[in-house]
Structures are given as structure tokens and as C-alpha cells.
Amino acid sequence: MLQLNGVSKIYHGRVTTTALSGIDLAVPDGEFLAIVGPSGSGKSTLMNIIGLLDRPTTGQYWMDGVEVTRWSDAHLAGLRNRSIGFVFQSFNLVPTLSARENVELPLVYRSVAPRERRRAAESWLKRLGLGHRMDYRPHELSGGQQQRVAVARALAGSPKILLADEPTGNLDDASRRDVAKIFEELCGSGQTIVLITHDGQFASVADRRLRLVDGILEQEARAASHAN
Amino acid sequence: MRIDDLVRQAWRPLRVYKLRTSLSLLGILIGVAAVIALTTLMHSASNSVDSRVESLGTNLIVATMNPLVGASNNQHDMTLGQAQKLGRLPGVSDAAPVDYETTAVSAGSRNAPVTLYGTTPHLADILQYRLAFGRYLTAADVASHLNVTVLGAQTSRQLFGRVNPVGRQVMIDHEPYTVVGVFAAKGAFLTVNQDAIVMTPITTYQDFSRIASIDSVYIQARQTAHLSHALDAVNRQLTAWFGNSGRYTLLTQSAILSVTQQITGLLTHVLVGVAAISVLVGGIGMLNVMLISVSERVREIGLRKSLGAKRRDLLMQFLVEAVIISLSGGILGVGAGVAASLALTSRFHIGAAINPAVPVLALAACVVLGILFGIYPAFRAARMAPAEALRCD
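Chain order of the listed sequences is A and B.
If you're matching positions, the first sequence starts at 7 in our numbering and goes up one per residue.
If you're matching positions, the second sequence starts at 19 in our numbering and goes up one per residue.
Worth flagging that the hints you see were computed from the coordinates, not collected in a lab.
For every residue, glycine included, the Cβ atom is placed at its ideal position computed from N, Cα and C.
Warning: the hint list may mix true and false statements.
Under 8 Å between C-beta atoms, here's a sample of chain A residues computed to sit facing chain B [unchecked claim]:
1. 87
2. 111
3. 114
4. 117
Here chain A stands alone, though its shape is the one from the complex:
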């Protein structure tokens, strides 16, 4: 269970920008939540805060009933490693590592023994249909394949929450359908997912949709009519 209470984020640059204000959000285990919104609405900031990559200016972050807002960087890194699996729009695979080594990375930072994490990585890659591409480096893979490697990496650490930021943004239609189908399946198997996107069609497969407008979270107006 992930919970944000009154979270706001204010950037003090040359001009003071309020990226998020008064966000209250609870994501129960097993839910597939989609947050949609136009660019500049604060989606990335929200993703960074949910992903423990950035700290809110005000408000609290609760993870399974524990307030983690003021944890040290090192503790947050550990929590990220155990609890959050990221999927980014631009894949963010390490170019010098093979597909399998990329998938192993979260387990490397968890000090899992090589043989064990290799088995985990291979099983996830096979599950995502990349059993024949495990030793390929990212530049040898198509966009859709790279994003599937990224999904495998996000899931290899068995995270509490799969946090995806525009995962289909850089993909062609076929790959986009592919990734959407994977997310649906994951949701079916009980994985908690937070999806941030402006792809309404993709968002429609989620259990619940919220709209982020100018840093304020609101119920998706036509959520009911989309769901089925």
C-alpha cells in the first residue's frame, strides 16, 4: 500500500514553480492505476516522488504504513531497490551491458549471488519472449524489444510497485499493443502498477484513472464510461 498525503513540490529556480500541490493518493496492493495528463502537468515530478527519486517539498510519503519521507538517501536507495520497478519512456538500458545483465542489475545492487540472479533474469526474459536475445546489447535490439528488456528488469527484483512513465511513448503501434498486453497480464497476476501516460487508450486498460492538471490530481471525468 502506497500513500501520499498532501504532497507538494515547489522548485525554487529563477522563478518559483509549483509542480505539484496537495496530492493525496492511495494505491492499494494489486491495483493498476493510470495517471494521465498533458505534458507540463507535473507527471514526471509525481513519478519521481512516487519512485522515491525526489523528495516532496511538503507532505508525507507512506509505504506499507511506514513514513519514509525523511529517510536518508542510502535507505531510500535500498527501499527503491526492493519496492519499485521503473519502466521509462526512453528504455534507459545500460548500453555496455547485455539484455540479461541489464535485467540482473537490480539484483546486483541487492548482492544476490550471480547464479541465482542469472536464473531470475533468464526466466523473466523468456516470459517476455526474449529468450533468444539474452546476450544482445541494447543497440542490437528493436525499440519494442528494448522496452520488454526494461520491463523484465523492472520486474526481476519482484518490486511492490511497477512504476511506468510513458512506456509506450517511443514505440510503434505493434510494440505499443504488445507492452499494453504485458501490463494487462501483469495486473491480472496481482502486480501493483502505477502507469503515467497521455495515451488514453493504454490508460483505459487500468483499474482506475486519475488526471493530473497543473499539479493537481483529479478524478478522470469520463473514467466510468471507459472502464469495462
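With chain A held as given, fit chain B onto it using these hints.
Same frame as chain A, but now just chain B:
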């Protein structure tokens, strides 16, 4: 994070970006190779100088007459009789008067540049020349002002090839001399060729050069332990003859040795300093490459943080990368330096004396260098804010 993983993560980019890696370790390689080659070369050269100087015996005293300066109160020169008298002082076993000049000697149409020594039989002994053919100069040669000469090994080879020249004639300064002996080769003393020489009786030399004075005397003390005793005796005698007016200089073998050691020591410091600067420059080159590498991999750093890498993990990853670069540069540099040392010492005909501490110290210095120049880029990588790093293009 496990240590083997740390090394694996640090090693991978070095293997993938081969050109960048090899360029950044090249500077360190060259610096380390230079340090090793120069220290070895200087060490070998100074060993060689020391052993040559020592082989002359630590009981040698050289008395040299100084040129007359201005209105000196004592205008006397040393005579042959005085020089020979020095050899009979208490504590002294031998003394050889030496006058020399550089000239040319010829036999038929062949010519050879030489240092011509006018001296007595003792000099060959004092300077430890051995005979290859014939005989040394004798007291009778000196007494009778004979035109006889003993040739150095190289001079003999240049004039007569492989033929034994004993009994043949050579021309020195337009005067005919009979060859009575040939010295065995002695080798170069640094740049001073000890085999391009001829020795003639001092009396003959004086007859032709019309110089009656003695330039210097090589004196051998009876025992090394009594060197200061002999030195005192020589000094007293010379003072009695020439006064205390700076007309002569006394040098002992150990004084020469300490001077040469000072010079080689100074040279070693200067050269190693220069080489160390090149290692430093190599290190700065590596720092530069590491900084570029960090700024090229900002997104990767952000990503690793998002996957749970702690500051320490990233600090160590980049630090290990830097140490791998500097240490590989060091290892290759040691190899190149040892190879260069062997090549150079054999080129200069001196025994290679590689001090095993030097490569070990060089490698230790490389590790320190890697940490020193790697810490800043690594620190920059480690302290990046993950959200900003991920946003970077």
C-alpha cells in the same frame, strides 16, 4: 554490492570503449616506462662508474699542478726527479708522472686519434692495464729516452687490424716509435675511451714536446688504510717544494668517487623528477577522460540510482574504473620500462641494474594516482540527484 560485481561493473565500460581506455592509460604507461627506464639507466650507469673508479683502487692519489695564475709567489714547476721522489715517500708504494696530449698516430696510410701519455712503467700498473702482446715500458726505456711505445687495444686494431704489431714502427707527431707492447681492451669509461691511447717514456715525451715540467703524478698508497698517512706525506712534500700557494691540487680516489656519486645522484633526481611529471600529466589525462566518461553517462548513473545503487556503489564503481586504468597503464609501463632499460643499458655497454623496488613502487604509485585522480569524477557521479540525472539527455 558484491566486490566481484563492483569490479565487473567497472570493467565492462573499459572493455567496450577500448579506444578511450587505451588513450587514457597511454599517458600513464609512458610516464611509468620513463621513470623505470631512467632510474634503471642512471642506477646502472652510476654502478658502472663506481665499479670502474673503484677498480682503480681506493688507494690512488692524483697530484695535479695547477696552471700559473697571475703573480703567484712561487713560479716553480714540478720536475721528473721530484715526481719520482714522491714515489719514495713513507706510505707510498708507487708514483707515475703523467703528461698527456691528444694527437694522432699513424702506421703506413692508417691513422688513429689517441691520447698520448708520457709516463713511466708504473702507470700501466696503477691504472690496471693488462698486456695483450709484448711488454710494458721499462725503467731502461725511460732512462735511455727510447722511442718505444705501448698501444691501446683499439689503436692497435685501427692501425694494424688483427696483426700483432710488436716490433713494427708507428709515427707519433712526425717521430718514429717502435711498438713494444699492446694493452688488452679495457672498455669505455662512460664516454672516455680507454683503449685509444699510446704510452711512451716520459723522457722521450719531454724531449719532443720541449716541456720539462710534469703535469700530474699518479700516486699509489701502500695500503688503503694508510691513505691519509700517505696523503699527508705527499702534501707536506709538495708544500715544501711549492709553498702553500695553490700551485697543486690533491685528489683521492674516494673524493673522485664521492663527486661522481653526487653528480649521478643529482642527475637521477632531475631525470626521475621529469619522468614523474610525465606520470602526473598522464594522471591528469586520465582525470579528463574520467570526467568525460562521467558526463557522458549521467543517464546511466541516474538509472543505476533508480535501481537502488547507493552513493557508495557509484563512487566505488568509478573509482575502481580509474584504478583499473591507472594500474593497467602501470603494469604495461613497467613492462615497457624494463624492456627499454635492457635495450639502453646494452646499447651503452653497462650492466643493467634493475632495482626490484622501483616497479613495485611504480605500481603502488599508480594505484594512489588512480584513486587521487579518480576520486573527483567518482564523487561527481555519486552525488548526482537521481531525478535530474535521469532527465538529462
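Verification of the hints:
{"no.": "1", "hint": "87", "result": "holds, 2 Å"}
{"no.": "2", "hint": "111", "result": "holds, 5 Å"}
{"no.": "3", "hint": "114", "result": "holds, 5 Å"}
{"no.": "4", "hint": "117", "result": "holds, 5 Å"}
When each numbered hint is compared with the structure, no violation occurs for any of them.
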